[in-house]
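Please construct the entire structure, taking both the sequences and the accompanying hints into account.
Numbering follows full-length UniProt numbering, in which position 162 of the sequence shown is assigned residue number 162; successive positions increment by one, without gaps.
No lab work stands behind these hints, which were simulated from the structure alone. Ideal placement from N, C-alpha and C gives every residue a C-beta, glycine not left out. Heads up, a few of these hints could be off.
[As the list claims (entries may be wrong)] Restraint ranges, calculated between C-beta atoms of paired labels, are given here: (1) P246 to L121: 14 to 24 Å; (2) P120 to R360: 36 to 46 Å; (3) P348 to G372: 16 to 26 Å; (4) T29 to M263: 41 to 51 Å; (5) P124 to R254: 41 to 51 Å; (6) L84 to E295: 26 to 36 Å; (7) E285 to P124: 24 to 34 Å; (8) R38 to P120: 17 to 27 Å; (9) R359 to R157: 51 to 61 Å; (10) A58 to P138: 22 to 32 Å; (11) P106 to G372: 48 to 58 Å; (12) R360 to I134: 37 to 47 Å; (13) R255 to A73: 53 to 63 Å.
[Unchecked claim] Think about it this way: if two alpha-carbon atoms lie no more than 20 Å apart in a straight line, the pair counts; the simulated DMTMM-like pairs of lysine to aspartate or glutamate are: (14) K269 to E285; (15) K49 to E37; (16) K54 to D82; (17) K269 to E292.
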Amino acid sequence: MSTETSLILVLNSGSSSLKFAVHETGARTALLSGLAERLGAAQPTITFKEADRKATHALPAATHTAALDAVLAELTRHGWLDRLTAIGHRVVHGGERFAASVVITPQVIADIESCSHLAPLHNPPALLGIRVAIERLPTIPHVAVLDTAFHQTMPPRAYMYALPMWVYRDHGVRRYGFHGTSHRFVAQEAVQMLDLDPADHGLVIAHLGNGSSATAVQDGRSVDTTMGMTPLEGLVMGTRPGDVDPGALIYLMRRTGWTVDEMDAMLNKQCGLLGLSELSNDCRELGNAAAEGHEGANLALDVFVHRLARHIGGLAMSLRRLDAVVFTGGIGENAARIREMTLQRLAPLGIELDAEANRRCVGGTPGLISTGNKPAALVVNTNEEWMIACDTAALARAGAEEQDSLKEIA
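What follows is the structure in structure tokens.
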């Protein structure tokens with residue numbers, strides 16, 4: 001079997017869902033993708049998407065095992081199961097233990113499990129997905145691709161909080177950063193699109209969606225980022241507030257008598273664009289409402305853009321120089337008005353918007369949205385699944401080569 005025809009399965013396991021994609025080695029476009037939903041609830045379903053079809057089916061049980069079995073049955077139906085050479089698993093939090101993607105071993109599973117207290121909503125379902133997949137396909141390599149790994153190159157001045165050192169030593173409280181797989185992919189794409197030196201460049205990447213973060217990338221390495229110990233810090237998001245004075249939260253808890261869990265629910269589900277607008281967390285809906293004069297929608301978008309521009313400017317100061325600001329994610333790739341508003345506020349950095357190019361770069365069209373002057377502004381379509389597939393294929397191939405070399409020595 002040639003590596004050109006081998007397949008990689010990418011799994012992203014959530015508490016009530018299983019997202020998946022099947023990539024041919026070296027091909028960015030998935031042959032098959034989809035989502036199993038309502039796991040652990042009534043009426044679970046799975047949706048398969050291909051170039052020429054989309055179909056949704058009921059699952060026989062509301063479990064991750066049933067969802068993965070349905071995926072494997074679909075691979076078998078296509079005659080692809082024998083071509084499957086490895087499985088890549090998205091894992092949100094690797095703490096300080098992982099600085100790169102890694103082939104999964106019992107020790108790796110234990111290390112991911114030891115980080116679960118840092119991401120209690122994300123790591124346990126990821127581990128469940130890993131265990132189910134290994135049980136079903138134990139003879140092929142499984143690879144963990146961790147969102148936090150890319151940010152492990154940040155220096156202490158960027159990741160440390162000014163709290164007593166024992167808080168860091170004893171409890172691991174520091175900035176970890178997230179969206180690392182997306183930021184890494186987009187940085188590589190931007191370097192190629194702008195013909196920059198891979199070993200000498202400075203980018204600020206804004207990954208904007210319902211969850212948003214921005215990262216300063218120096219020579220391909222993360223040197224600063226907006227998300228912190230949790231995804232609550234930094235930019236305004238769909239339902240999260242981003243930066244907020246912790247004293248205000250202490251004050252609010254004292255005034256309301258809220259429990260920690262009630263405060264946690266408010267911060268994760270009721271803030272951000274939704275909380276400010278009192279209308280929606282969807283940037284498209286807010287844009288339409290703002291155009292019709294909705295006061296809350298206008299305020300939400302203005303705060304969103306103000307915070308974004310302020311953070312981009314701050315992150316630029318973590319670089320030797322700024323070559324480009326790069327927009328990605330659902331909002332970054334499609335909301336031309338948000339990009340325009342942001343770049344207007346970044347005028348002190350010398351970025352000049354090309355309004356016509358900015359209008360063209362929507363709906364999956366990447367490209368330069370600034371004039372020829374530097375720094376540049378750029379839209380890049382992120383592709384986290386393909387990045388995971390690439391890491392998985394490379395590690396699986398390296399493992400096979402290592403195994404072959406050991407056989408030769410033996």
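Q: Note whether the CB distance of R38 and P120 lies within 17 to 27 Å or breaks it.
A: With a Cβ separation near 21 Å, R38 and P120 satisfy 17 to 27 Å, so the hint holds.
Q: Note whether the CB distance of L84 and E295 lies within 26 to 36 Å or breaks it.
A: 53 Å, violated
Q | Whether the CB-CB distance between P348 and G372 falls inside 16 to 26 Å | A | For P348 and G372 the Cβ distance comes to about 19 Å; the hint holds.
Q | Satisfaction of the hinted span 36 to 46 Å by the C-beta atoms belonging to P120 and R360 | A | 42 Å, holds
Q) Taken at face value, is the distance from the CA of D82 to the CA of K54 at most 20 Å? A) 24 Å, violated
Q: Take a look at whether the Cβ-Cβ distance between A58 and P138 falls inside 22 to 32 Å.
A: About 28 Å separates the Cβ atoms of A58 and P138, which means 22 to 32 Å holds.
Q: Determine whether the Cβ-Cβ distance between R359 and R157 falls within the hinted range of 51 to 61 Å.
A: Given about 39 Å between the Cβ atoms, the range is violated.
Q: State, for the Cβ atoms of R255 and A73, whether the hinted interval 53 to 63 Å holds or is violated.
A: 54 Å, holds
Q. Taking the CB of E285 and the CB of P124, does the distance hold inside 24 to 34 Å?
A. 32 Å, holds
(Q) Please check whether R360 and I134 have a Cβ separation lying inside 37 to 47 Å. (A) 45 Å, holds
Q | Hint check for L121 and P246 - Cβ pair distance inside 14 to 24 Å | A | Check passed, 21 Å falls within 14 to 24 Å.
Q: Sort out whether E292 lies within 20 Å of K269, counting only the CA atoms.
A: 26 Å, violated
This entry does not satisfy hints 5, 6, 9, 16 and 17, going by the numbered hints stated previously.
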